[in-house]
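Enquirer: Residue-level listing of the chains:
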Amino acid sequence: MIQVTNAVKRFDGFAALDGATLSVPAGSVYGLVGPNGAGKSTLIRCLTGIYRQDEGELTVDGQGVWENEALKCRIAAIADDWYYFPQASVRDMCRFLRGFYPTFSLERYEKLKEVFQIDERRPLRRLSKGMQKQAAFWLTLSAMPDYLVLDEPVDGLDPVMRRQVWSLVLGDVSQRGTTVLVSSHNLRELEDVCDHVGILDHGKVLLERSLAQLQDNMVKLQVVFKDGGGVPEDLEVLHASHVGRIHTLIMRMGAAEATNRLAVYEPMLVDAVPLTLEEIFIYELGGADYAVKDIVL
Amino acid sequence: MISLNYRDSRPIYEQIKDGLRKLIVTGAIGTDEKLPSVRSLATQLSINPNTIQRAYNELEGEGYIYSVPGKGSFAAGEADAGMSRRKELWEKVRELLAELRYLGVRQEELMVLLQEEPSGGTPAGKGKEEMP
Numbered sequence: 000m001i002q003v004t005n006a007v008k009r010f011d012g013f014a015a016l017d018g019a020t021l022s023v024p025a026g027s028v029y030g031l032v033g034p035n036g037a038g039k040s041t042l043i044r045c046l047t048g049i050y051r052q053d054e055g056e057l058t059v060d061g062q063g064v065w066e067n068e069a070l071k072c073r074i075a076a077i078a079d080d081w082y083y084f085p086q087a088s089v090r091d092m093c094r095f096l097r098g099f100y101p102t103f104s105l106e107r108y109e110k111l112k113e114v115f116q117i118d119e120r121r122p123l124r125r126l127s128k129g130m131q132k133q134a135a136f137w138l139t140l141s142a143m144p145d146y147l148v149l150d151e152p153v154d155g156l157d158p159v160m161r162r163q164v165w166s167l168v169l170g171d172v173s174q175r176g177t178t179v180l181v182s183s184h185n186l187r188e189l190e191d192v193c194d195h196v197g198i199l200d201h202g203k204v205l206l207e208r209s210l211a212q213l214q215d216n217m218v219k220l221q222v223v224f225k226d227g228g229g230v231p232e233d234l235e236v237l238h239a240s241h242v243g244r245i246h247t248l249i250m251r252m253g254a255a256e257a258t259n260r261l262a263v264y265e266p267m268l269v270d271a272v273p274l275t276l277e278e279i280f281i282y283e284l285g286g287a288d289y290a291v292k293d294i295v296l
Numbered sequence: 000m001i002s003l004n005y006r007d008s009r010p011i012y013e014q015i016k017d018g019l020r021k022l023i024v025t026g027a028i029g030t031d032e033k034l035p036s037v038r039s040l041a042t043q044l045s046i047n048p049n050t051i052q053r054a055y056n057e058l059e060g061e062g063y064i065y066s067v068p069g070k071g072s073f074a075a076g077e078a079d080a081g082m083s084r085r086k087e088l089w090e091k092v093r094e095l096l097a098e099l100r101y102l103g104v105r106q107e108e109l110m111v112l113l114q115e116e117p118s119g120g121t122p123a124g125k126g127k128e129e130m131p
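Chains as they are written, first to last, in numbering that gives the first Met the number 0: chain A, 0 to 296; chain B, 0 to 131.
Only chain A is shown next, with the shape it has when bound in the complex:
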């Protein structure tokens, strides 16, 4: 279990993390989302022991991460800019990482060789961006960590490799109970792989839920009111828009409850549609003054 409590990290007075609090249950896949500059990567760097937080607490299994060697052996991360030695090949990096991860499995390394099909003797710097990412996954999955921290992990991977990589990661989650924290902008993809989601904005966690809760607690309704009327004023809606007589309402409640609430107004048509994670993201941040602006250039 990863627990972050009121973490603050400042750079030259600018608070990249500003009292972020979140908890990642053991064995879950936690999706960290947020607009650019929200502090996702800073949080991830704090959790992997690269940065030291200025205030607050970051614990993994109840222990602080900073300079905690025994704990860091159990955490593996793929950063956005994965580091390798300038002349190193996959095999060199394998030798290097084996010294750090007691759980590193050569048997796995050999098995995964068939999946990734990268020449293990070729210098990493001569591989393409996507292939370097593949190499990172190959080595990280071979290390068999208890905690996997991924920053924009499938950026640059081709569609087949994305599926392949997620399939391997989720196999580990269901088989070994690996806990995964993943930051990404690909909400469509996160929706498949995550069971928990946290939205980070301006260094704070705006909302943190399980995906099931998130989907059950927000609903999009298409409604046509009687006599072409508008949205009743006493109805609590998060967002309302209309095209002709069809009103689209976003409400913070389950589909059944929302339909019941609307039944009072005897609408001509009510159609409840579940929201995608992308829509939830947009509407939640819309409340926090972050939305697509209508600017014509």
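Read the hints as simulated data drawn from the structure, not as lab findings.
Just so it is clear, CB atoms sit at the ideal spot from N, CA and C, and this is done for glycine as well.
There's no promise every hint is true.
[As the list claims (entries may be wrong)] Label pairs and their calculated CB-CB ranges:
hint, chain 1, residue 1, chain 2, residue 2, range
1, A, Leu96, B, Lys70, 36 to 44 Å
2, B, Glu87, A, Pro231, 24 to 32 Å
3, B, Glu87, A, Glu109, 48 to 56 Å
4, A, Ser127, B, Gly60, 45 to 53 Å
5, A, Gly285, B, Lys70, 44 to 52 Å
6, A, Gln116, B, Val104, 55 to 63 Å
7, A, Glu277, B, Lys86, 26 to 34 Å
8, A, Ile245, B, Glu87, 19 to 27 Å
9, B, Lys86, A, Trp65, 53 to 61 Å
10, B, Gly29, A, Asn35, 12 to 20 Å
11, A, Pro24, B, Thr30, 34 to 42 Å
Take the given structure of chain A and dock chain B to it, following the hints.
Expert: Structure of chain B alone, referenced to chain A:
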């Protein structure tokens, strides 16, 4: 055997639920036959295992499958499926009928359709009462 449609507005767990239900209802998964394990579906579809577990739990609640601890999930035979599903389908039929009527399909034609359905004994009877 289950395909997910990413353009579908239904959440993933519902797509899995509907997919499995279809397999069971059509007999593609026979009575007491074992369903794929959560783990294998998770890796096969690259979907979070908890999402799949949720679909399984709800199918069990509806009576389509039963689980044996330590062994896995199996298709239940007779559809002692819950009333909720029956209601849901009933609504769908009503919607379809409304649209068919809008398209000018006559009452008699609909009746013929209901009668030719082999296992439609009870619903047809109910239908007669419902239709004006």
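Enquirer: State for each hint whether it applies.
Expert: For each hint, the structure was consulted:
1. A:Leu96 - B:Lys70: 36 to 44 Å: holds, 39 Å
2. B:Glu87 - A:Pro231: 24 to 32 Å: Cβ of Glu87 (chain B) to Cβ of Pro231 (chain A): about 28 Å, so the range 24 to 32 Å holds.
3. B:Glu87 - A:Glu109: 48 to 56 Å: Holds - the Cβ-Cβ distance for Glu87 (chain B) and Glu109 (chain A), about 50 Å, lies within 48 to 56 Å.
4. A:Ser127 - B:Gly60: 45 to 53 Å: holds, 48 Å
5. A:Gly285 - B:Lys70: 44 to 52 Å: At 47 Å between Cβs, range holds.
6. A:Gln116 - B:Val104: 55 to 63 Å: holds, 57 Å
7. A:Glu277 - B:Lys86: 26 to 34 Å: holds, 31 Å
8. A:Ile245 - B:Glu87: 19 to 27 Å: holds, 24 Å
9. B:Lys86 - A:Trp65: 53 to 61 Å: holds, 56 Å
10. B:Gly29 - A:Asn35: 12 to 20 Å: Violated, since Gly29 (chain B) and Asn35 (chain A) (Cβ atoms, about 52 Å apart) do not stay within the stated range.
11. A:Pro24 - B:Thr30: 34 to 42 Å: holds, 37 Å
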